[in-house]
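A.B. asks: Given next are the chains, with one letter for each unit.
Number of protein chains: 2
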Amino acid sequence: MELRSSQRPDLLPKSWYNIVPDLPEKIPPYILPDGTVVKPEMFHALFARELVRQEFSDERFIKIPDELSEYYLQAGRPTPLLRARNLEKYLDTCARIYFKYEGVLPAGSHKFNTAIAQAFYNKLEGVKRLSTETGAGQWGSALSLAGSLVGIKVRVFMVRASYNQKPFRRILMETYGAEVYPSPSTITSFGRKLLQENPDHPGSLGIAISEAIEDVINSGGEAKYSLGSVLNHVLLHQTVIGQEAIKQLEELGVGVEDVSYVVGAVGGGSNYAGLAYPFLYYRLRGKTSTVFVAVEPRAVPSMTRGEYRYDFGDTAGLTPMLKMHTLGHDFVPPPIHAGGLRYHGVAPSLSILVNHKLVEPVAYGQREVFEAGVLFARLQGIVPAPESAHAVKAVIDIARRYRGSCERPVIVFNLSGHGLLDLKGYEEYLYNALPDT
Amino acid sequence: MELRSSQRPDLLPKSWYNIVPDLPEKIPPYILPDGTVVKPEMFHALFARELVRQEFSDERFIKIPDELSEYYLQAGRPTPLLRARNLEKYLDTCARIYFKYEGVLPAGSHKFNTAIAQAFYNKLEGVKRLSTETGAGQWGSALSLAGSLVGIKVRVFMVRASYNQKPFRRILMETYGAEVYPSPSTITSFGRKLLQENPDHPGSLGIAISEAIEDVINSGGEAKYSLGSVLNHVLLHQTVIGQEAIKQLEELGVGVEDVSYVVGAVGGGSNYAGLAYPFLYYRLRGKTSTVFVAVEPRAVPSMTRGEYRYDFGDTAGLTPMLKMHTLGHDFVPPPIHAGGLRYHGVAPSLSILVNHKLVEPVAYGQREVFEAGVLFARLQGIVPAPESAHAVKAVIDIARRYRGSCERPVIVFNLSGHGLLDLKGYEEYLYNALPDT
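Going line by line, the protein sequences match chains A and B.
The first sequence maps to residues 1 to 437 in full-length UniProt numbering.
The second sequence maps to residues 1 to 437 in full-length UniProt numbering.
Bear in mind the hints are in silico, worked out from the structure with no lab data behind them.
Mixed in with the good hints there might be a few duds.
What follows is a list of derived Cβ distance ranges for each label pair [unchecked claim]:
{"id": "1", "chain 1": "B", "residue 1": "K89", "chain 2": "A", "residue 2": "G255", "range": "25 to 33 Å"}
{"id": "2", "chain 1": "B", "residue 1": "D258", "chain 2": "A", "residue 2": "K128", "range": "56 to 64 Å"}
{"id": "3", "chain 1": "B", "residue 1": "Y431", "chain 2": "A", "residue 2": "G286", "range": "42 to 50 Å"}
{"id": "4", "chain 1": "B", "residue 1": "G253", "chain 2": "A", "residue 2": "E179", "range": "20 to 28 Å"}
{"id": "5", "chain 1": "B", "residue 1": "K63", "chain 2": "A", "residue 2": "R85", "range": "20 to 28 Å"}
{"id": "6", "chain 1": "A", "residue 1": "A45", "chain 2": "B", "residue 2": "D258", "range": "36 to 44 Å"}
Here are the simulated DSS-like pairs of lysine-lysine, each with C-alpha atoms no more than 25 Å apart in a straight line [stated by the list, open to error]:
{"id": "7", "chain 1": "B", "residue 1": "K26", "chain 2": "A", "residue 2": "K89"}
{"id": "8", "chain 1": "B", "residue 1": "K14", "chain 2": "B", "residue 2": "K424"}
{"id": "9", "chain 1": "A", "residue 1": "K153", "chain 2": "B", "residue 2": "K153"}
{"id": "10", "chain 1": "A", "residue 1": "K89", "chain 2": "B", "residue 2": "K123"}
{"id": "11", "chain 1": "B", "residue 1": "K26", "chain 2": "B", "residue 2": "K424"}
{"id": "12", "chain 1": "A", "residue 1": "K123", "chain 2": "B", "residue 2": "K89"}
{"id": "13", "chain 1": "A", "residue 1": "K128", "chain 2": "B", "residue 2": "K14"}
{"id": "14", "chain 1": "A", "residue 1": "K153", "chain 2": "B", "residue 2": "K89"}
{"id": "15", "chain 1": "B", "residue 1": "K63", "chain 2": "B", "residue 2": "K39"}
{"id": "16", "chain 1": "B", "residue 1": "K323", "chain 2": "B", "residue 2": "K247"}
{"id": "17", "chain 1": "A", "residue 1": "K14", "chain 2": "A", "residue 2": "K63"}
{"id": "18", "chain 1": "A", "residue 1": "K424", "chain 2": "B", "residue 2": "K357"}
{"id": "19", "chain 1": "A", "residue 1": "K89", "chain 2": "B", "residue 2": "K39"}
{"id": "20", "chain 1": "A", "residue 1": "K424", "chain 2": "B", "residue 2": "K89"}
Cβ atoms here follow ideal geometry from the backbone N, Cα and C, with glycine treated the same way.
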């Protein structure tokens with residue numbers, strides 16, 4: 001391994017952890033609107049075969065191919081596990097706060113972990129192009145980079161409101177060589193229909209997913225679809241995060257049984273699952289009593305206020321229906337800065353864990369989230385992505401309970417990305433222009 | 001050391017390397033316009049005493065205080081040494097290309113290495129506030145963060161053109177808690193004078209330095225001044241980069257005598273010195289024959305076309321005069337995106353090395369530099385800062401000479417920062433709107 005000095009390839013796991021066989025109940029089958037159960041083969045038009053196999057797999061551990069491990073190493077995995085000592089001191093807490101920092105990955109967030117896996121398998125299977133959606137752009141930029149690295153074209157439908165207001169993520173995707181269209185776009189019939197109804201349509205993640213899928217269906221087999229969260233295989237790829245964290249904590253003398261809280265933000269659930277599922281492996285076997293806290297924005301409360309029912313993954317209803325906590329596939333989220341958390345549903349696996357009270361959801365407003373983000377930046381130097389700042393806020397609230405306490409609980413959270421391309425939100429907060437949604 | 005698992009504190013040097021006693025000739029004294037030689041005491045009004053001591057020191061190694069090493073570790077030092085394998089393959093070169101990646105530091109560039117040292121010593125000496133200038137904002141954001149970490153206020157005069165066109169760096173400084181004024185500002189008499197002459201004055205780095213110094217002089221002893229490049233003590237602090245790189249290369253089986261080229265971009269000279277001076281330590285002792293390449297923009301050609309003479313460090317003439325390669329302190333650089341390279345002079349120590357042909361300067365135009373930056377992003381995942389992209393361009397040109405060669409020279413360069421807050425320049429390049437200055 002000549003890639004990088006001071007790197008620790010031994011901390012990188014050899015397999016992803018698939019939580020599906022360990023869940024307290026089976027994930028209800030994906031169905032069509034008429035109730036037909038979706039078979040794996042029906043997914044082959046959309047996804048690479050290996051990804052479909054992983055989606056429906058009951059294997060507990062799925063081997064990471066060696067070539068893919070190389071990509072992980074090149075991108076800077078294992079990512080650092082850091083202790084937030086300055087935050088601990090500021091809060092005057094006895095809690096020990098550790099965080100996994102995924103923002104060191106080149107596109108700036110955890111999304112690269114699955115982006116490179118999806119690009120890799122699609123390339124292996126001869127796919128020429130990937131089509132996807134993106135909200136604020138973290139997923140889109142990760143897939144654009146992954147496509148550039150493995151040599152596969154990437155087309156991104158970017159929610160029009162973000163496309164117009166936040167050009168930097170769009171430029172980043174273009175710098176990586178991707179084609180980026182504002183969604184609704186004029187290159188799909190669904191997009192054209194929406195633009196006809198409203199030429200200034202701001203778009204949504206659900207709409208962008210619909211467009212990407214339509215684009216794939218009409219590509220004559222040249223393109224496949226790529227999704228950044230929600231599905232099993234996507235969450236699976238993120239489990240490198242938690243597996244590394246467990247080994248890194250061990251090296252610091254913290255056993256998995258010593259971890260009191262695991263905290264993360266939830267959009268579709270992928271960064272959360274990435275950190276939490278490897279810890280849940282032990283919890284589900286009764287070996288730990290870790291509390292799992294999942295944080296969402298009050299403005300998009302799919303876990304705390306959504307219904308658990310079958311719903312579409314997209315707005316047009318092109319995807320199968322998944323049983324999940326959902327606000328409805330036609331839910332229009334307010335324009336909060338945490339674009340990655342503006343999705344109407346959450347992963348089916350995470351929904352089940354919430355139902356069984358193994359994961360505790362909590363919701364926060366935007367102002368208190370940015371307040372936490374600014375505090376973290378000033379104390380620890382890293383400006384958190386608005387999504388990740390939700391986790392920071394929850395960690396602060398937990399840590400404050402242990403002020404002058406004899407207990408020294410360990411809190412671990414996922415700082416899933418940096419906020420350097422989200423500074424507009426920080427400016428609004430600093431200048432009191434941020435609506436408290 | 002409980003800070004961070006998978007970190008290698010043993011790679012962090014215990015001392016900075018001071019090249020001054022090893023230079024082929026003495027640095028000419030700093031003088032006043034009337035020829036008076038500036039004594040160290042005359043700097044005490046501007047700088048912390050320890051920094052003045054370092055500025056005039058002849059000690060070859062200056063110990064890094066333990067508390068400061070802790071800050072370096074917390075910020076993520078040692079930074080990774082990476083091999084650009086994809087770039088090598090793409091260029092079909094036999095050269096081995098390694099780079100030190102300083103963009104992982106929290107404010108996104110190498111500037112943190114001296115910012116935290118300067119903030120640390122000023123805090124120790126009871127200084128309440130630091131005043132400084134910034135162009136594009138890398139230096140200003142590093143000092144803002146350093147000030148926040150050690151608990152010292154920071155005031156930044158930001159070149160007005162950048163302040164207006166690139167709000168993100170300004171927001172980053174404010175997120176870290178700094179006060180940021182567009183320069184020329186209304187809070188200094190020099191600024192007011194310039195605004196009276198031209199209310200739309202775009203400002204320059206030289207003007208911003210003048211304002212920061214005036215601000216310090218009028219602070220009644222409360223504030224000190226902080227500079228991001230050029231001076232000996234600033235370059236000194238950056239030598240952690242090259243010292244780490246030498247150890248990291250050794251671990252990969254590359255001895256310092258195997259290094260054929262050391263490449264970096266030059267504004268005032270600090271990132272360049274940071275990587276190159278520890279390698280020059282061996283070159284100056286005849287132990288290696290490494291070629292040192294220093295890259296500057298064709299639009300600001302201080303090394304390739306400037307004169308070697310006494311000049312002021314700022315526009316108003318408030319600083320002492322330094323003997324250096326300069327375009328003149330009233331030189332108005334064109335508005336290239338590499339804001340960190342828009343300075344009229346270069347460090348006196350680097351000027352001497354250029355005079356003695358120990359360092360070879362080369363200049364590039366902006367379009368070819370961004371072309372190299374885009375190529376690097378697509379192949380290696382990291383978007384280089386426009387400043388660092390100058391180094392990338394030179395490395396590509398060198399590596400191309402070893403196509404199908406039997407020689408396998410080692411090229412080491414400094415990727416001093418990421419370009420995530422400079423994507424506007426990349427957009428102009430991608431859309432053919434970048435002037436080829």
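A.B. asks: It remains to establish, for every hint, whether it holds in the given structure.
C.D. replies: Consistency of the hints with the structure:
For the pair K89 (chain B) and G255 (chain A), the supplied restraint of 25 to 33 Å is violated, since their beta-carbon distance comes to about 43 Å. At about 42 Å, the beta-carbon gap between D258 (chain B) and K128 (chain A) misses the expected band of 56 to 64 Å. Range check, Y431 (chain B) to G286 (chain A): Cβ separation about 58 Å, and the 42 to 50 Å hint is violated. Between G253 (chain B) and E179 (chain A) the beta carbons are some 42 Å apart, a value that contradicts the proposed interval 20 to 28 Å.
Distance hint for K63 (chain B) and R85 (chain A): a CB-CB separation of about 24 Å, consistent with the stated range 20 to 28 Å. Against the hinted window of 36 to 44 Å, the Cβ-Cβ separation of A45 (chain A) and D258 (chain B) comes to about 53 Å, which falls outside the hint. Pair hint K26 (chain B) plus K89 (chain A) does not hold up; C-alpha atoms about 47 Å apart against a cutoff of 25 Å. Annotation: proposed proximity of K14 (chain B) to K424 (chain B) is violated, straight-line Cα distance about 39 Å (limit 25 Å).
In summary, the hint linking K153 (chain A) to K153 (chain B) is not supported, as the alpha carbons are separated by about 48 Å, beyond the 25 Å threshold. As the CA atoms of K89 (chain A) and K123 (chain B) are separated by approximately 19 Å, the hinted pair is consistent with the 25 Å bound. In summary, the hint linking K26 (chain B) to K424 (chain B) is not supported, as the alpha carbons are separated by about 42 Å, beyond the 25 Å threshold. Restraint check for K123 (chain A) and K89 (chain B): the C-alpha separation of about 19 Å stays at or below 25 Å, so the hint holds.
In summary, the hint linking K128 (chain A) to K14 (chain B) is not supported, as the alpha carbons are separated by about 51 Å, beyond the 25 Å threshold. Taking the CA atoms of K153 (chain A) and K89 (chain B), the gap is near 20 Å; set against the 25 Å cutoff, the hint holds. With a C-alpha separation of about 23 Å, the suggested pairing of K63 (chain B) with K39 (chain B) holds against the 25 Å cut-off. The hinted pair formed by K323 (chain B) and K247 (chain B) fails the criterion: a straight-line CA distance of about 34 Å is larger than 25 Å.
Taking the CA atoms of K14 (chain A) and K63 (chain A), the gap is near 6 Å; set against the 25 Å cutoff, the hint holds. Of the pairs offered as hints, the one joining K424 (chain A) and K357 (chain B) is violated, with about 46 Å between alpha carbons and a cut-off of 25 Å exceeded. With a CA separation close to 42 Å, the supplied pair K89 (chain A) and K39 (chain B) exceeds the 25 Å bound. Restraint check for K424 (chain A) and K89 (chain B): the C-alpha separation of about 38 Å exceeds 25 Å, so the hint is violated.
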